[in-house]
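S.K.: Chain residues, written in single-letter form:
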Amino acid sequence: MTPVVGIVANPVSARDIRRVVANAANLQVTDRANILLRVLAALRACGVAEVLMMPEKGGIRGHVERGVARARAHGEDPYPAIHPVAMPVTGTVEDTHRATRAMRQAGVSAIVVLGGDGTHRAVAAQCGAVPIAGISTGTNNAFPDHREPTITGLATGLAVTGRVPPHIAFAGNKRIDVAINGETPSEIALVDVALVAERYIGARALWRTENFRELYVTFADPEVIGMSAIAGLLEPVTRGESGGLMVRLSPAGQTSPPSGPRPGGTILRAPIAPGMMAAVGVTDWRRMPAGVPFVPEVEAGTIALDGERELSFTARDRLSLTLRDDAFRTVNVSGCMRHAAENRLLTGTPVPVSADL
Amino acid sequence: MSRKISMKQAINEALDLEMRRDPTVIVMGEDIVGGTGAHGEADAWGGVLGVTKGLHAKHGDRLMDTPLSESAYIGAAIGAAACGLRPVAELMFMDFMGVCFDQIFNQAAKFRYMFGGKAETPVVIRGMVGAGFRAAAQHSQMLTPLFTHIPGLKVVCPSNAYDAKGLLIQAIRDNDPVIFCEHKNLYGMECEVPAESYAIPFGEANVLRDGDDVTIVSYGLTVHRAMAAADALARERVEAEVIDLRTLSPIDWDSIVESVERTGRLVVVDEAHPRCNLATDIAAYVGQHAFGALKAGVQMVTAPHTPVPFAPSLEDLYVPSAEAIAAAALRTLAPTGTTPRSIAA
Amino acid sequence: MTENPFPLSKDDLLRAYRTMRTIREFEERLHVDFAKGDIPGFVHLYAGEEACATGIMMHLNDNDRIASTHRGHGHCIAKGVDVHAMMAEIYGRSTGACRGKGGSMHIADLSKGMMGANGILGAGAPLICGAALAAKVRGDRGVGITFVGDGASNQGTFLESLNLAAVWNLPVVFVVENNGYAESTAMEWAVSCDSYVDRATGFGMPGVTVDGTDFFAVHEAAGEIIRRAREGGGPALLECNMVRFYGHFEGDAQTYRAKGEVEALRASRDCLVMLGERVIEAGVIARAELQAIDGEVAALIEDAVRAAKAAPLPAAGDLLTDVYVAY
Amino acid sequence: MLNERIKPIVMPKWGLSMSEGKLTGWLKRPGASVALGDELLEVETDKITNVVEAGDSGILRRVLGEPGTVYPVKALIAVLAEPDVPDSEIDAFIDAYAAPATGGAGEEEEAGPRYHFAETPAGTLRYAKRDGTRGESGPAVLLLHGFGGDLDNWLFTIDALAESATVYALDLPGHGQSAKTLADPTLAGLSKAVLGFMDAAGIDRAHLVGHSMGGAVSMRTALDAPERVASLSLIASAGLGSAIDHGYIQGFTAANSRRDLKPVLETLFADQSLVGRKLVDDLLKYKRLDGVEAALRALSAALFADGAQAEILAGAVAATGLPTLVVWGEQDRVIPAAHATALGHAARSVVIPNAGHMVQMEAAGKVNALLKEHIGTPATGTAT
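Chain order of the listed sequences is A, B, C and D. With the numbering used here as the guide, the letters of the first sequence map in order to residues 8 to 364. With the numbering used here as the guide, the letters of the second sequence map in order to residues 528 to 872. With the numbering used here as the guide, the letters of the third sequence map in order to residues 31 to 357. With the numbering used here as the guide, the letters of the fourth sequence map in order to residues 7 to 390.
Hints listed in this document are in silico derivations from the structure and should not be mistaken for laboratory results. None of the values given here were measured: they were computed from a predicted structure. Mixed in with the good hints, there may be bad ones.
What the hints assert, rightly or not - No farther apart than 20 Å at their CA atoms in a straight line, the calculated lysine to aspartate or glutamate pairs in the DMTMM-like style are these: (1) C:LYS40 / A:GLU205; (2) D:LYS378 / D:ASP137; (3) D:LYS291 / B:GLU731; (4) B:LYS645 / C:ASP348; (5) D:LYS28 / B:ASP737; (6) D:LYS268 / B:ASP781; (7) D:LYS34 / D:GLU48; (8) D:LYS293 / B:GLU731; (9) C:LYS142 / C:ASP42; (10) C:LYS339 / C:ASP63; (11) D:LYS378 / D:ASP44; (12) D:LYS28 / D:ASP266; (13) D:LYS268 / B:GLU731; (14) D:LYS284 / B:ASP739; (15) D:LYS293 / D:GLU317; (16) A:LYS64 / C:GLU213.
Given these sequences and hints, build the entire structure.
M.R.: This is the structure in structure tokens:
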């Protein structure tokens with residue numbers, strides 16, 4: 008049985024207020040479709056003959072079908088057969104959840120995800136053991152790598168066809184489970200959970216640093232954008248190592264208790280959004296070991312997951328946050344490609360070059 | 528001091544004087560500065576035929592080049608007018624009205640009425656009209672009847688530099704939208720024009736020549752043909768009164784009727800197509816209000832019911848000629864029942 | 031006792047609720063009275079879309095101009111046009127906002143910066159460019175907001191205006207009220223580009239999509255976009271995804287909509303209910319306070335209808351006023 | 007060489023803009039005896055119709071101009087000579103006469119009046135100046151038009167007076183092509199403007215000739231600056247009594263169209279047919295200029311409020327002893343001819359029959375003769 012790859016492409020990611028408040032980029036629908044065509048060509052080149060794709064009404068599918076038809080009109084057939092998941096389209100995150108479940112049930116070998124951190128989170132919430140190959144649609148993402156999607160497609164193709172061994176092809180990832188009033192988990196985050204003082208969702212994005220209170224990250228990478236950067240600039244934690252980081256934040260510039268930074272507090276300038284270097288008041292931070300529930304000090308506010316305000320809570324709500332190692336799997340693109348090179352996987356007839364020549 | 532300037536200069540001067548007088552006057556249009564954003568000389572064109580040349584140097588950003596996007600900038604001129612500016616938007620060729628007509632006839636023309644008198648739209652839309660420039664079917668039309676059909680619009684078509692200046696100044700000061708039609712073949716024609724500002728009131732025709740035998744009514748370029756016809760008629764001892772309407776909405780019915788009541792004969796000359804134009808309109812009005820005075824059927828001399836042709840030999844046949852006007856006048860003097868119906872020359 | 035966690039004061043929240051409730055009550059009442067045959071002509075109802083008009087207009091003053099659409103009652107009310115004058119106008123009375131000469135599709139009040147509902151789809155966009163140009167020429171920091179539905183967003187006027195506003199760097203915000211239907215035709219079918227943010231990007235301006243049924247989402251995004259325009263940052267586009275509770279016009283049987291669609295939207299995406307629940311749940315406003323507003327608004331609309339019905343019709347002589355009569 | 011005994015009669019040039027005229031009819035038959043000042047023929051220009059008077063005496067030997075025909079300015083239209091001049095000489099004269107090129111209304115024309123602009127405290131003022139045609143400059147004469155008029159009201163006057171004087175004709179502030187702003191719309195204000203103009207033009211002292219409101223301005227000037235005024239000539243002058251046709255003032259100020267203005271202008275003339283299309287059009291053109299309506303309203307309010315003249319200067323002027331001529335048209339319907347005697351014995355008073363308010367145009371020959379005679383008296387006069 009040949010492997011089937013799932014594709015979840017979100018047409019509406021990267022459309023939020025960060026376009027205005029932070030000069031963030033927009034990836035046009037036509038570009039998203041072109042990315043998928045590149046990924047599909049790479050998958051086909053590796054022998055993937057069929058893909059299962061999430062339907063949407065944002066226009067991606069139409070453009071992709073046009074690209075496939077045009078290639079066929081040329082007498083070429085560089086793409087796998089595309090099967091849409093049979094499901095209604097609501098235009099909400101529920102579509103991603105439903106499509107991911109369907110793909111898992113259909114036994115796909117991997118899911119290529121095109122979207123922001125939020126789309127990846129939605130897939131990760133439902134994919135179980137199916138590995139994810141992430142492609143970013145914007146400039147404001149911490150989770151998916153910024154890489155040419157053709158390579159992501161190649162790596163995925165090599166991985167699902169078994170030419171790269173699973174222990175190289177796939178990697179474990181951390182996540183943070185958010186339990187509200189004992190529901191486990193109510194929500195998850197792939198990169199960060201931020202607790203902010205404002206109690207409305209509004210335009211979702213986080214950019215008012217004066218409201219930041221607590222931050223929990225699965226990895227702290229000084230090379231990414233967003234909330235993770237705050238942690239990353241304090242104490243880097245890699246994606247590979249166990250555990251994360253917890254940071255207590257306070258309004259920048261306030262120096263006196265009770266609400267200001269505690270003695271020893273500092274002000275950090277961090278790239279919390281593209282082009283947005285913000286002053287963030289940091290009270291203190293510490294390691295967040297895996298498996299240990301953390302109960303926030305903030306009594307009421309809003310929970311932001313991977314940089315977007317998602318739900319508000321009050322003093323009546325009981326919150327706990329737990330970091331889990333190896334919570335879901337991703338395609339290790341670097342690993343796959345290195346393995347492919349070392350083993351001449353993409354050479355017709357592997358001919359090692361003689362050192363003598 | 529007699530100072531003669533061309534109609535083109537007169538329009539330029541009117542814009543200049545009004546921009547000096549009133550800071551809310553702005554001027555916009557395609558290439559009215561010319562070369563905006565390009566790397567050559569500034570104020571390169573001053574309008575496609577140079578009508579606005581030199582104004583940018585005097586008034587800077589109050590003279591605005593626009594994208595080739597008539598719907599947007601004509602609409603913007605109208606919106607700005609509703610918000611207290613007095614924009615003059617140049618449509619280059621009135622034929623382009625087709626792509627922005629909604630903004631003119633559904634928006635500008637209707638605001639005051641539709642909003643119960645609580646809005647004013649003091650916008651001027653000026654553009655070239657008329658044939659004889661070898662500009663073919665889409666750059667040569669006399670579309671004035673389209674505009675006079677719309678309530679709320681004022682329509683002006685001057686025949687000379689003096690009138691052009693005074694009527695444009697009046698148009699800018701007027702609180703209603705004004706369609707200001709400039710016959711491109713009159714741009715170079717000179718006459719005496721005061722250097723000062725002056726406004727010619729709308730709705731006042733100009734009697735260019737007194738005569739008791741026949742009344743010839745026209746506007747724009749064909750006024751000059753009518754005058755030439757009157758000269759020819761005078762050699763035949765026929766004295767024609769020539770009336771230049773100057774403004775088509777409002778229109779000076781009184782001057783027409785007064786004249787016809789004296790002469791008893793009427794020739795209406797219109798460069799527009801023959802159906803539902805100014806000529807038919809005036810003929811109908813006179814038929815209704817001065818029928819008793821008429822000694823002969825009203826003669827209409829118009830362009831034919833065809834698009835404007837390109838070939839010079841054809842286009843020369845298109846615009847009503849002095850000969851055709853004179854012939855029409857003579858027909859009104861012929862015994863009744865012998866007058867053949869004839870259109871164009 | 032509870033700290034207000036919202037970006038608006040309690041007074042502003044009450045004001046927002048009152049505006050949304052007024053729009054809803056106004057439209058629900060028109061729905062009923064139209065069916066009774068009391069109202070001439072056509073009306074297009076804004077019910078279900080209140081959060082958009084209200085969330086945006088909270089950031090505007092009388093010096094800011096809006097150009098509305100055929101579905102303009104909500105914009106009028108949120109911009110401060112008198113409800114009695116609106117109702118009288120819709121009833122064709124001489125006491126109407128336009129003295130009975132405009133009707134539902136042409137309600138305007140320039141003193142409030144309301145440049146008119148518009149019966150021509152997409153026609154408001156060029157006009158608001160002009161309003162913004164006037165503000166820019168005068169230097170008075172005014173902004174212009176034009177509303178367009180997903181259907182009219184395909185009009186050349188709208189697309190040309192995006193370009194003009196970008197070229198002239200005008201303080202304009204283009205609001206696309208995407209309720210999913212161009213009259214009866216689905217947005218997904220009729221709009222080639224699929225994303226208004228893409229359209230904005232194509233014209234060199236930022237675009238933002240928000241949930242138009244979430245008052246706070248609209249309010250926050252609009253606030254940032256309007257501030258940007260006011261400060262000279264240039265035009266931007268705001269797409270509000272919203273829901274239409276009634277047909278394109280009153281009398282529309284809506285057979286093109288899926289079974290149960292409207293009922294589901296009313297149950298799950300009623301912006302007025304969501305706002306009310308949110309502020310009550312946060313403990314900022316008591317349910318009784320909102321109920322008091324509901325009562326006041328109901329009385330206001332009742333009075334507006336009563337006054338409109340009692341008001342005189344325009345006189346025959348009014349036919350010929352307010353326009354230069356050329357003949 | 008032209009025969010000095012043969013006098014050509016040519017198409018006259020009235021004002022700078024006239025390039026041709028239509029001979030509408032002869033008032034003398036061929037062979038008639040003509041005395042100086044006799045009415046010879048009628049000419050219609052695009053501005054006005056007027057009678058051409060004989061500038062010489064003799065027998066009308068040849069009539070060349072056809073009635074109904076348009077001739078360029080200076081075209082030979084008749085020949086005047088004594089009876090003893092042989093026909094052959096007359097034929098030779100006609101053959102040798104060099105008609106000027108048609109349409110050559112060049113501004114470089116010799117000796118004609120020229121338009122100038124003077125910068126004065128009252129703003130830029132336009133004036134025409136014509137140097138004396140016989141000998142050196144001669145005394146200065148300053149012509150002041152009336153309410154709503156301009157220096158072209160002196161169309162038939164300037165050249166006649168220039169035979170013995172340097173003639174200036176001024177557009178008063180608010181009029182003609184002068185500045186349209188009026189700092190002070192009273193006689194005193196206008197008089198100040200006149201004196202300012204005289205300063206700017208370098209005129210120490212002048213014979214003032216004023217028509218209507220311009221007459222009152224002349225009187226005010228003579229009272230305010232007696233050393234600058236050599237004599238007064240008051241033509242249908244204001245300032246001599248309170249009566250004035252308020253309807254004319256109001257009608258002229260308010261008229262915005264040809265239809266409204268024409269009947270108002272007809273009030274000015276005994277012969278109403280003189281009010282031609284061009285005269286009405288020219289006045290409309292003036293009236294449309296920005297600022298004119300405001301200026302006229304201000305003057306009307308200051309000088310003629312409530313239908314009466316505000317300032318009557320007769321007594322004061324009579325007391326000065328300044329040589330003064332008063333001329334009136336008998337049929338003046340704007341200011342009654344009865345005012346002609348307001349100065350009593352202090353002035354010479356002449357009332358001309360068959361002429362209206364614009365008597366200097368309607369009876370130009372007679373008025374010009376009176377003016378020449380009055381100004382020709384010793385310029386120093388009795389004033390000093």
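S.K.: Each hint needs a verdict: does it hold in this structure or not?
M.R.: Now the hints, each set against the structure:
Simply put, C:LYS40 and A:GLU205 have alpha-carbon atoms about 15 Å apart, close enough for the 20 Å limit, and the pair holds. Restraint check for D:LYS378 and D:ASP137: satisfied, since their Cα atoms lie roughly 15 Å apart, inside the 20 Å limit. A C-alpha spacing of about 13 Å is found between D:LYS291 and B:GLU731, which places the hinted pair at or below 20 Å, so the restraint holds. For the proposed pair B:LYS645 and C:ASP348, the alpha carbon gap of about 14 Å is at most 20 Å, so the pair holds.
About 15 Å separates the Cα atoms of D:LYS28 and B:ASP737, which keeps this hinted pair within 20 Å; it holds. For the proposed pair D:LYS268 and B:ASP781, the alpha carbon gap of about 15 Å is at most 20 Å, so the pair holds. Our distance criterion of 20 Å between C-alpha atoms is met by D:LYS34 and D:GLU48, whose separation comes to about 10 Å. Of the pairs offered as hints, the one joining D:LYS293 and B:GLU731 holds, with about 14 Å between alpha carbons and a cut-off of 20 Å not exceeded.
Straight-line distance between C-alpha atoms of C:LYS142 and C:ASP42 comes to about 19 Å, which keeps the hinted pair within the 20 Å bound. Between C:LYS339 and C:ASP63, the direct Cα distance comes to roughly 11 Å. Compliance with the 20 Å bound is thereby established for this hinted pair. For the hint pairing D:LYS378 with D:ASP44, the CA-to-CA distance comes to about 17 Å; that is within 20 Å, so the pair holds. For the given pair, D:LYS28 sits about 27 Å from D:ASP266 by alpha-carbon distance, which is inconsistent with the 20 Å threshold.
Of the supplied pair hints, the one linking D:LYS268 and B:GLU731 holds, its CA atoms being roughly 14 Å apart against a limit of 20 Å. As the CA atoms of D:LYS284 and B:ASP739 are separated by approximately 17 Å, the hinted pair is consistent with the 20 Å bound. Distance hint between D:LYS293 and D:GLU317 is unfulfilled; the C-alpha atoms sit about 25 Å from each other, more than 20 Å. A C-alpha spacing of about 19 Å is found between A:LYS64 and C:GLU213, which places the hinted pair at or below 20 Å, so the restraint holds.
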